[in-house]
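2 protein chains.
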Amino acid sequence: MTTISQRAQAIPISAVRQLALYESEAKQKNIQILHLNIGAPDLDVSSTFFDAIKNVSTHQLQYAPSAGLAELIEQVQLYYQKLGASFQKKNIFVTNGGSEALLYAFIATCEKGDHLLAPEPLYSNYVSLAKVAEVEIDAIPTYIEEGFHLPSKDQIILQITSKTKAILLSNPSNPTGVVYSVEEVRLIAEVAQEYNLWIIADEVYREYIYDGFQTKSFSLVPEVAQQTIIIDSISKRFSACGARVGFLLTQNDALASIFLRLCQSRLSAPTLEQVGATALYREDMDYITRSIPEFKARRDLMCQLLKEIPGVTLRKPEGAFYIMVELPVENSFEFAKWLLTEFSINNKTVMLTPGEGFYRTPKRGIKEVRIAYVLNEERIREAVSIIAKGLECYHPSTKN
Amino acid sequence: MTTISQRAQAIPISAVRQLALYESEAKQKNIQILHLNIGAPDLDVSSTFFDAIKNVSTHQLQYAPSAGLAELIEQVQLYYQKLGASFQKKNIFVTNGGSEALLYAFIATCEKGDHLLAPEPLYSNYVSLAKVAEVEIDAIPTYIEEGFHLPSKDQIILQITSKTKAILLSNPSNPTGVVYSVEEVRLIAEVAQEYNLWIIADEVYREYIYDGFQTKSFSLVPEVAQQTIIIDSISKRFSACGARVGFLLTQNDALASIFLRLCQSRLSAPTLEQVGATALYREDMDYITRSIPEFKARRDLMCQLLKEIPGVTLRKPEGAFYIMVELPVENSFEFAKWLLTEFSINNKTVMLTPGEGFYRTPKRGIKEVRIAYVLNEERIREAVSIIAKGLECYHPSTKN
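Protein chains in written order, with the working numbering: chain A, 5 to 404; chain B, 5 to 404.
Keep in mind that the hints were calculated from the coordinates and are not lab data.
Incorrect hints may appear among the rest.
Just so you know, same-sequence chains aren't split out, so a pair can sit in one copy or run between any two.
[Claimed, not checked] In the BS3-like style, the derived pairs of lysine-lysine whose C-alpha atoms are separated by at most 27 Å in a straight line are: (1) Lys393 with Lys86; (2) Lys93 with Lys341; (3) Lys311 with Lys341; (4) Lys167 with Lys86; (5) Lys116 with Lys341; (6) Lys58 with Lys311; (7) Lys300 with Lys93; (8) Lys33 with Lys94; (9) Lys94 with Lys157; (10) Lys167 with Lys116; (11) Lys220 with Lys33; (12) Lys58 with Lys367; (13) Lys311 with Lys393; (14) Lys300 with Lys157; (15) Lys167 with Lys352; (16) Lys393 with Lys352; (17) Lys320 with Lys116; (18) Lys320 with Lys31; (19) Lys393 with Lys220; (20) Lys167 with Lys320.
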């Protein structure tokens, strides 16, 4: 008998995916699902993107350069220049979404069995991608009561071992919406310097910061320039998740030459999507300015409505599209499943992401859910009222 | 100091990439380069592809399902049904090109340190992708004099060790153009059965077979259905390399569930390119029928012209777009470099792929080059006359 590798079997099935079965069942019963479970904004992509693709004049579709289309790399370089960071073109890589950028960062910084250190709760795909790269993730625990801000330096250092090769974090954060303060960014940089760790900074939500909260891109911390890897993407910046255009940036030339070899191993990222992305950066950076107030309003409304539900715990997040919320239930997966299988109002229900999958520490997050406020205000009102009514009606003890 | 992982440093720089520097130099001297070095056909993609993308009516660009767009999976299922193979939809996955399909196949079948067995010369990106997956490739040597057909069963078995987990091959083959006979396909299946090996069958050139040569897709060998992985792609079938739409297929349900987790780890493949690919399968399968005579004519011309050059050794290949050719030079890399840096006719020169990178066995392929006959007949004539004249003028001993 042929066998499947242990490493592949170790890749977890996401909680979202486990719920997908119940989602299908609900759809078969003609129940409409309000998706608070996935960070895919309902905003239209700028027509700039589609127009650029429609205007492609050649009818050939050759491989793009492995590192990415020169025009797109140039636009990304300019974008970072405006941010204050100067990356050479040869140090910028276009990837198949932020996901591939993360995978390449893990492979380049870690051997099999090495460890990454990441604040928890953390984006659950970090765990899947780490398993693909055969890397472990250790957690820096953060807590809802502290708005998921970082603990003290001592507590961070406590988690570092000889196996730790990099600190991995998203800022603003998926799933918590925390935005790390300038001091927290400095703290991470300091730890990375002292312990010779890479910093893998996932900044795909960079612009989505509300109320003037101050942070700093890791691309702007010169002390750690040689040990920093920036993960970026157009998915959130331009509501273009389905384009799968991500970026990998570094100031470290030796690392860049390795990233190039990784990119060459899969030939290239898709050409047309890069053409669209180029146009977005060149012609419609205003898209972001237009989107931020919309998300701020959604966040404010979502937080306000959720706070009105008895027993719900949350801190208003400073950025991104997400809130980690503690619900007055014993097990949020069971509640999320129940919403899909046994509860609806006017033939509508809500899909939530159970919190457990965002934690490395066993039993953490069992009462939490991640809510993505990517729907418009009307739908947010509807969704939260379904959650509220659901919590009133939910009596798991009598169900089992 | 932070360090770059050994595994990432082990990813080879391709010979093509090493020549890229000289290519740039030639371009700066305004020398036009005839590219025989890359398997990217100069044919137009069917307008069906572009039209489908232009007609996308939504302006949202959400993540596609991780396994791929349902419509595309359905079309691929139908395509295989016509071939005679029945794959369930849940056993078909859309990947970021054949490259990602290969990487996932390697990860799912091998642990770090396990070995693949592949006929050599072999597609050089197999080596890069294997390094990314930390898998070794052992060679089944094949020879130009035998048209690169497989050796006897005994000689194949000789290369199998306890570390060998899969046989990897492309049929029709990149880089040799060999098409394995039905008997050779049966032989591989027999060995895989006897030694419990997976078969990773890269059949992206499936339709490109000339002169009625008979082979068999591994998807049609029921004895090894549970241990076969098919790698497929639209890159060659529809001359759509830049779309990066590949496929991974298996009849093995347990393996399919692992492929799904791998696909989920990177969320999805690009949406628009999948829309275009769906239309190609649905509306323009004739594209292939139209392309084959064109490539056959190019092959015939290329072989005829090359054979007229004194000292050149080749066997007419049965399929794909490639010929491995032995040149009357000591070192084909040096000759390829010389063509780019020191030789041109009417300001034109030719880019070749040195053979060494296609071999695992040291010193094999040093006199060989891979030629991709992806240019039109006029350019083929021009390119071969440049090679012929180049060989006349080339005197490496006096250059060093």
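Quiz prompt | Unmet hints by their number, sorted upward, for this structure | solution = Those not satisfied are hints 1, 4, 5, 6, 7, 9, 11, 12, 14, 15, 17, 18, 19 and 20.
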